[in-house]
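Trainee: Chain residues, written in single-letter form:
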Amino acid sequence: MSKTRSTPHLGLVPRLLLGISLLVVSGLASADYALNFQKPVTAIGHKLLELHNLIIIICVVIFVIVFGVMFYSIFAHRKSRGVKPAKFHGSATLEVVWTIIPFLILVAMAVPSTATLLEMDDVSKSELTVKVTGYQWKWKYDYPDQDVSFFSNLATPRAQIENKEKKGEHYLLEVDNPIVLPVGKKVRFVVTANDVLHAWWVPALGVKKDAIPGFVNEMWAKIEEPGIYRGQCAELCGKDHGYMPIVVQAVSPEEFDKWVSVQKDQAAKAAADSSKTLSKDELIERGKKVFATTCAACHGPNGEGVGPFPKMAGSKVANGPLPAHINIVVKGKPGTAMAAFGAQLNDLDLAAVITYERNGFGNKAGDVVHAKRIPG
Amino acid sequence: MATAHHDEHPSGIMRWLTTTNHKDIGTLYLVFAFTMAIVGGIMSLVIRSELWQPGLQIVDPHFFNQMTTVHALVMIFGFVMPAFTGLANWQIPLMIGAPDMALPRMNNWSFWILPFAATLLMLSLFMPGGGPAGGWTLYPPLNVQQSGPGVDFTILSIHMLGISSILGSINIIATVLNMRAPGMTLMKMPMFAWGWFITAFLLIASLPVLAGAVTMLLTDRHFGTHFFDAAYGGDPVLFQHVFWFFGHPEVYILVLPAFGVFSTIIPTFARKPLFGYETMVYATASIAFLSFIVWAHHMYTVGMPLQGELFFMYATMLIAVPTGVKVFNWVSTMWRGAMTFETPMLWAIGGVFIFTIGGLSGLMLSITPADFQYHDTYFVVAHFHYVIIGGSVFGLFGAVSYWLPKWTGHMYNETLGKWHFWLTMIGFNLTFFPQHFLGLAGMPRRIPDYSLQFVEFNQWSTIGAFMTIAAQLIFFYYAMQSIRAGQKATSQVWEGAEGLEWTVPSPPPYHTFATPPKVK
Amino acid sequence: MSAANGGYYLPNPSPWPIVTSAGLFSLALGFVLAINGVGFGKWIAIVGAAILIWVMFRWFGEVIGESEGGKYNAQVDRSFRWGMSWFIFSEVMFFAAFFGALFYVRHWAGPWLGDTELLWPGFDFHWPSAGPKGPIAIEPDMTPAASQFSPMGAWGIPAINTAILLSSGATITWAHWGLLKSNRAQLITGLFLTVALGVTFLSLQAFEYIHAYTAMGLTMKTGIYGATFFMLTGFHGFHVTLGTIMLIVILGRALKGHFRPDHHFGFEAVAWYWHFVDVVWLFLFIFVYWF
Ligand code: HEA
Ligand code: HEA
Ligand code: CUA
Ligand SMILES: [Cu+2]
Numbered sequence: 005m006s007k008t009r010s011t012p013h014l015g016l017v018p019r020l021l022l023g024i025s026l027l028v029v030s031g032l033a034s035a036d037y038a039l040n041f042q043k044p045v046t047a048i049g050h051k052l053l054e055l056h057n058l059i060i061i062i063c064v065v066i067f068v069i070v071f072g073v074m075f076y077s078i079f080a081h082r083k084s085r086g087v088k089p090a091k092f093h094g095s096a097t098l099e100v101v102w103t104i105i106p107f108l109i110l111v112a113m114a115v116p117s118t119a120t121l122l123e124m125d126d127v128s129k130s131e132l133t134v135k136v137t138g139y140q141w142k143w144k145y146d147y148p149d150q151d152v153s154f155f156s157n158l159a160t161p162r163a164q165i166e167n168k169e170k171k172g173e174h175y176l177l178e179v180d181n182p183i184v185l186p187v188g189k190k191v192r193f194v195v196t197a198n199d200v201l202h203a204w205w206v207p208a209l210g211v212k213k214d215a216i217p218g219f220v221n222e223m224w225a226k227i228e229e230p231g232i233y234r235g236q237c238a239e240l241c242g243k244d245h246g247y248m249p250i251v252v253q254a255v256s257p258e259e260f261d262k263w264v265s266v267q268k269d270q271a272a273k274a275a276a277d278s279s280k281t282l283s284k285d286e287l288i289e290r291g292k293k294v295f296a297t298t299c300a301a302c303h304g305p306n307g308e309g310v311g312p313f314p315k316m317a318g319s320k321v322a323n324g325p326l327p328a329h330i331n332i333v334v335k336g337k338p339g340t341a342m343a344a345f346g347a348q349l350n351d352l353d354l355a356a357v358i359t360y361e362r363n364g365f366g367n368k369a370g371d372v373v374h375a376k377r378i379p380g
Numbered sequence: 032m033a034t035a036h037h038d039e040h041p042s043g044i045m046r047w048l049t050t051t052n053h054k055d056i057g058t059l060y061l062v063f064a065f066t067m068a069i070v071g072g073i074m075s076l077v078i079r080s081e082l083w084q085p086g087l088q089i090v091d092p093h094f095f096n097q098m099t100t101v102h103a104l105v106m107i108f109g110f111v112m113p114a115f116t117g118l119a120n121w122q123i124p125l126m127i128g129a130p131d132m133a134l135p136r137m138n139n140w141s142f143w144i145l146p147f148a149a150t151l152l153m154l155s156l157f158m159p160g161g162g163p164a165g166g167w168t169l170y171p172p173l174n175v176q177q178s179g180p181g182v183d184f185t186i187l188s189i190h191m192l193g194i195s196s197i198l199g200s201i202n203i204i205a206t207v208l209n210m211r212a213p214g215m216t217l218m219k220m221p222m223f224a225w226g227w228f229i230t231a232f233l234l235i236a237s238l239p240v241l242a243g244a245v246t247m248l249l250t251d252r253h254f255g256t257h258f259f260d261a262a263y264g265g266d267p268v269l270f271q272h273v274f275w276f277f278g279h280p281e282v283y284i285l286v287l288p289a290f291g292v293f294s295t296i297i298p299t300f301a302r303k304p305l306f307g308y309e310t311m312v313y314a315t316a317s318i319a320f321l322s323f324i325v326w327a328h329h330m331y332t333v334g335m336p337l338q339g340e341l342f343f344m345y346a347t348m349l350i351a352v353p354t355g356v357k358v359f360n361w362v363s364t365m366w367r368g369a370m371t372f373e374t375p376m377l378w379a380i381g382g383v384f385i386f387t388i389g390g391l392s393g394l395m396l397s398i399t400p401a402d403f404q405y406h407d408t409y410f411v412v413a414h415f416h417y418v419i420i421g422g423s424v425f426g427l428f429g430a431v432s433y434w435l436p437k438w439t440g441h442m443y444n445e446t447l448g449k450w451h452f453w454l455t456m457i458g459f460n461l462t463f464f465p466q467h468f469l470g471l472a473g474m475p476r477r478i479p480d481y482s483l484q485f486v487e488f489n490q491w492s493t494i495g496a497f498m499t500i501a502a503q504l505i506f507f508y509y510a511m512q513s514i515r516a517g518q519k520a521t522s523q524v525w526e527g528a529e530g531l532e533w534t535v536p537s538p539p540p541y542h543t544f545a546t547p548p549k550v551k
Numbered sequence: 412m413s414a415a416n417g418g419y420y421l422p423n424p425s426p427w428p429i430v431t432s433a434g435l436f437s438l439a440l441g442f443v444l445a446i447n448g449v450g451f452g453k454w455i456a457i458v459g460a461a462i463l464i465w466v467m468f469r470w471f472g473e474v475i476g477e478s479e480g481g482k483y484n485a486q487v488d489r490s491f492r493w494g495m496s497w498f499i500f501s502e503v504m505f506f507a508a509f510f511g512a513l514f515y516v517r518h519w520a521g522p523w524l525g526d527t528e529l530l531w532p533g534f535d536f537h538w539p540s541a542g543p544k545g546p547i548a549i550e551p552d553m554t555p556a557a558s559q560f561s562p563m564g565a566w567g568i569p570a571i572n573t574a575i576l577l578s579s580g581a582t583i584t585w586a587h588w589g590l591l592k593s594n595r596a597q598l599i600t601g602l603f604l605t606v607a608l609g610v611t612f613l614s615l616q617a618f619e620y621i622h623a624y625t626a627m628g629l630t631m632k633t634g635i636y637g638a639t640f641f642m643l644t645g646f647h648g649f650h651v652t653l654g655t656i657m658l659i660v661i662l663g664r665a666l667k668g669h670f671r672p673d674h675h676f677g678f679e680a681v682a683w684y685w686h687f688v689d690v691v692w693l694f695l696f697i698f699v700y701w702f
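Residue numbers (the numbering used here), protein chains in the order written: chain R, 5 to 380; chain B, 32 to 551; chain Z, 412 to 702.
Everything labelled a hint here was simulated from the structure, so no lab data went into it. Possibly wrong hints are sitting among the right ones.
[Stated by the list, open to error] With a cut-off of at most 25 Å between alpha-carbon atoms, the simulated BS3-like pairs for lysine-lysine come out as follows:
1) R:Lys91 to B:Lys219
2) R:Lys315 to R:Lys292
3) R:Lys91 to B:Lys519
4) R:Lys135 to R:Lys226
5) R:Lys226 to R:Lys293
6) R:Lys335 to Z:Lys632
7) Z:Lys544 to Z:Lys632
8) Z:Lys544 to R:Lys144
9) R:Lys292 to R:Lys376
10) R:Lys337 to R:Lys376
11) Z:Lys632 to Z:Lys482
12) Z:Lys453 to Z:Lys632
13) Z:Lys544 to R:Lys335
14) R:Lys268 to R:Lys284
15) Z:Lys632 to R:Lys337
16) R:Lys262 to R:Lys284
17) Z:Lys544 to R:Lys337
18) R:Lys368 to R:Lys292
19) R:Lys337 to R:Lys320
20) R:Lys292 to R:Lys273
21) R:Lys284 to R:Lys376
22) R:Lys368 to R:Lys315
23) R:Lys135 to Z:Lys544
Same shape as in the complex, but just chain R (with noise of 0.2 Å):
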């Protein structure tokens, strides 16, 4: 048989179809489903949110006209209604037609395209500079002209994502310490990483830039309204590229002169704190958490190594002279994942983690390190 066949009545296979869509769109209506941005608090995002709005419109049309008129001509020409083929193959003023007005409809977007862009651009007449920088994986926030610097890591325990405890409200999507910002004000952003790229993103204030090692990059945001907006890392950083969450903690004004304040003192303290002789004792406990925050993301929290990461149970430097693991630790192994942690961490605990790895994990070096050995 050479010759085509139709279809002329509705087969098993459309009505299966007819059904599962049916079944799809009373799924979507019951259920409280997000199906479009999250709900902006800039006025950068409430514009990226009409373009976004703008341009969606414009294409369901596009689209509704376009395959309107194939699937009429879908139903109204088919053989099986015994239709005989036209014969023309052309026409210059239907092509030309439709090349202009898709022309004249593109140029209509890209108007606030552009004039949100330039908007975006504009970092001038900033009020509070915020310098973010991306580690693997956490992110570090310096607010050069008050004097605050700390690292937010992810808060999640490993046992929630391990589907060993039931999982909270804003699983993955939490932080031990928020990037604090005042309402009202132009922040700025200078962006950049300290090993890979990442990308840092807060749907809510609408804002996403590359956090690129060795460059800076500017954004600005200027929230409305005090709250909590929560955002991740957009780039793929290496393995825990999914657990570097952000977030943001929108306060008044004079909450955040508070809260610069409160972080002063904790500042200083800590300072004095890193300066103490801890006994062994002491030191492995405290190296133990270091561990758990810092290095068990590579290493494993039992020590076991995680993937290309090395273990430290049984390591060769870990077991061999100080030195070496000393200087590993502090100054990192450059073009690997392993940073210089004297950039992120104070001697104290510098000290602290590399006792707890001489001690730790069935090690036997058995050694103890002060906070002095930690060269400066």
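Chains B and Z with the ligands: place on chain R using the hints.
Mentor: Same frame as chain R, now just chains B and Z with the ligands:
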């Protein structure tokens, strides 16, 4: 008509290992592509299974990233590109009345590089440190940092795949320019040959640039250069520019041959000539040209100077114009035709439909400020699966069902063909339509775990993925059936089909058009 | 299939493609293992390279035999020409990637780094540069101290090499004229001179590299300057090497009496390739050495 030659060719396995015949090589390509599609499909199931619910269930994050990376590389370089090269091998000589490809021995070489390159890529998964885990875009510094030989295997594999595609493209260009039957001017050439001809130029202009990019990555990894290290004057973003100079043309490499397929199938089943043939050619050429000046729309968030962002936004938006012309011309071809809806036509219509959804979301992505929200979210994942699967993969299935009776000499089972189409169509939409919403609501791509508001849509998506893959068993079954047995196909096969390939018997003799046909 | 009746020559089934691919695989596999510190890797690579070289002899030998055996008609010849031209075009694009990288770092990334006081205080960008943490560039031809390097000047060896490559372009054209008017002596002399110039070029470049590594503090690792310099000139040198080997092959064929005035694609392909290498060099001379 073809004169059958009774050439000696080795039998059994040696026939396939040493063949210089375009039909044999086409078959090899298609079989290879099918195998890789299954491999890449299984990897996508690993991804989708891990994403069935939040938390870590099946794989660890490092392996998840390897799956994402290798899934993409396998699908693009192992499945879609070779599959279309296979089609080109089978069809271009038949369609332009040539005895074979212009350089038959090199043709065999282009093919045989592929399995070896794929082996290299697969080996990487078993190396200490695992396979490449930094995304198919291989961005530094992450891919410089990753330890173990996995990334190096990938780089060398890409070099080999690149050589294969460049040689294949050279062959296609030489064939089209030099082997057309007398009387077949360029402007009488079938659209499928046109689509491939232009694609071949995209390939030879872009793949060497990719080779350069990954070479720099390799020397940064092992030979102490600092192309991507700011401390020594380099820049990670440099890699992105070079990569996307290749990467954007690459996406049209994936889709232009499929456009050619749509332009072949739709007139056949509308029983009406293609609307605006010449404009179709010019539109394809414009898309190809524009594709070289839009690459930075993949990197709006890297912090380019404002003028750059504007230029790349405008240029990218412009691509909608020639692509729109193509869509309108397909619709006009159907208009007042006398349509029937056999499997190939279903794929073509479904393909245009799905592709346009993806094209429109692409247009949304091209708007720089809006892309700041979409970038690196599932909205992008949804976009490109719509264009790639709607465009390339539907085009492929359309082409295979259209020409299968010609190749095997047997009709396939039309009912099974329709089932395959509808199940794939539904499964595909179920997989990827919800991903638009996930992206808009803020789910980043390339994550193995997600927060709780994304659960439902991810589950739709996972169900859809299993359904889509399961549907492919039907394809395998009906293709095998048509190879083995089935109703004899005539040489014409489809009532409305036109072109030289329908003048030779089904299946065609081993050598066709040894004496070139005359084209009016 | 034969071309006796004027048809297009279709080669018989051939084992060479798959063997070549296996050789390539072995080369790549061994190379990756070797650079990752696996000792036997280099043996796998050497076997791969040996297979490649051996196959090339056989494969090209077969093609040359077919060509001299008169199996290729004018249409086949045209296929080869299209093939070679577009192959060269793909090579041009390969170099374009590296030139693009050079322009990008010189005109964009470098100045940005110079402006980024926040991360690189005190760093001013001037080409040649090895970046904020790399060694400092001094004037060409001075002896660098520790943490300094001396960039490559244009007017020593590079200028001589420019002259050499330009004249080699002339000698190969002269050889071609010889071939066209069946003056075998001119063909062979011209080819011989071209090979000699190619070898001289390569020797001078080798000398330049050794000097850079030993006396100028300039290596692949010398920041972005060293990286772009050695990548561009290195890949060019590699192509000159290939070109020279190809020239030697056609010199050998010319000595055996191959090529006719109306049928000498092999010669022309090599000549085109040589001109391509020549033109790339001019760009190198201008953008890498001079400015
Ligand atoms: C087959 C492959 C293919 C094709 C054809 C396309 C087509 C297009 N793509 Fe897509 N794209 C990809 C594959 C493809 N893309 C991939 C793989 C990625 C991600 C890579 C990665 O990061 O991993 C990507 C990512 C991507 C991005 C980056 C997103 C991001 O990372 O933030 C952008 C941004 O501009 C983009 C835009 C476009 C546009 C404008 C088109 C246009 O060509 C579409 C044109 C078509 C239409 C517009 C529809 C038909 C036209 C009409 C009906 C006419 C009327 C219309 C109007 C007037 C509006 N694509
Ligand atoms: C050709 C390209 C292609 C194809 C076909 C697919 C097919 C599929 N892809 Fe994928 N995908 C990519 C290219 C492709 N993908 C790319 C480039 C990325 C980005 C990677 C990155 O971030 O680095 C990606 C990423 C990606 C993600 C995001 C991962 C992440 O961000 O972590 C997901 C998640 O759901 C996904 C799922 C799927 C699924 C369920 C399918 C299913 O549809 C699969 C179903 C199978 C088929 C449709 C194939 C059928 C074909 C045959 C049976 C062969 C027929 C043979 C012949 C005709 C010869 N893909
Ligand atoms: Cu940090 Cu992704
Ligand atoms: Cu693109």
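Trainee: Hints first: check each against the structure and report whether it holds.
Mentor: Okay, the hints, checked on the actual structure:
1. R:Lys91 to B:Lys219: With a Cα-Cα distance of about 18 Å, the restraint between Lys91 (chain R) and Lys219 (chain B) holds, given a limit of 25 Å.
2. R:Lys315 to R:Lys292: Satisfied, since the Cα-Cα distance of roughly 15 Å is no more than 25 Å.
3. R:Lys91 to B:Lys519: Not OK: Lys91 (chain R) and Lys519 (chain B) at ~31 Å, beyond 25 Å, violated.
4. R:Lys135 to R:Lys226: Roughly 16 Å separates the two Cα atoms, so the pair holds.
5. R:Lys226 to R:Lys293: 36 Å, violated
6. R:Lys335 to Z:Lys632: 21 Å, holds
7. Z:Lys544 to Z:Lys632: Measuring from Cα to Cα gives roughly 12 Å; hence the hint holds.
8. Z:Lys544 to R:Lys144: At roughly 23 Å apart (the allowed maximum being 25 Å), Lys144 (chain R) and Lys544 (chain Z) satisfy the hint.
9. R:Lys292 to R:Lys376: With a Cα-Cα distance of about 19 Å, the restraint between Lys292 (chain R) and Lys376 (chain R) holds, given a limit of 25 Å.
10. R:Lys337 to R:Lys376: 22 Å, holds
11. Z:Lys632 to Z:Lys482: Between Lys632 (chain Z) and Lys482 (chain Z) the Cα gap is close to 51 Å, so the pair fails against 25 Å, i.e. violated.
12. Z:Lys453 to Z:Lys632: 23 Å, holds
13. Z:Lys544 to R:Lys335: Since the Cα atoms of Lys544 (chain Z) and Lys335 (chain R) sit roughly 16 Å apart, the hinted pair holds (cutoff 25 Å).
14. R:Lys268 to R:Lys284: With a Cα-Cα distance of about 29 Å, the restraint between Lys268 (chain R) and Lys284 (chain R) is violated, given a limit of 25 Å.
15. Z:Lys632 to R:Lys337: The given pair, whose Cα atoms are some 17 Å apart, holds under the 25 Å limit.
16. R:Lys262 to R:Lys284: Measuring from Cα to Cα gives roughly 37 Å; hence the hint is violated.
17. Z:Lys544 to R:Lys337: Roughly 16 Å between the alpha carbons, so the hint for Lys544 (chain Z) and Lys337 (chain R) holds.
18. R:Lys368 to R:Lys292: Given pair Lys368 (chain R), Lys292 (chain R) holds - Cα atoms ~16 Å apart, limit 25 Å.
19. R:Lys337 to R:Lys320: Between Lys337 (chain R) and Lys320 (chain R) the Cα gap is close to 15 Å, so the pair holds against 25 Å.
20. R:Lys292 to R:Lys273: Answer holds: Lys292 (chain R) to Lys273 (chain R) is near 21 Å, not above 25 Å.
21. R:Lys284 to R:Lys376: Roughly 14 Å separates the two Cα atoms, so the pair holds.
22. R:Lys368 to R:Lys315: 15 Å, holds
23. R:Lys135 to Z:Lys544: 22 Å, holds
Checked against the numbered hints above, the structure breaks hints 3, 5, 11, 14 and 16 and satisfies the rest.
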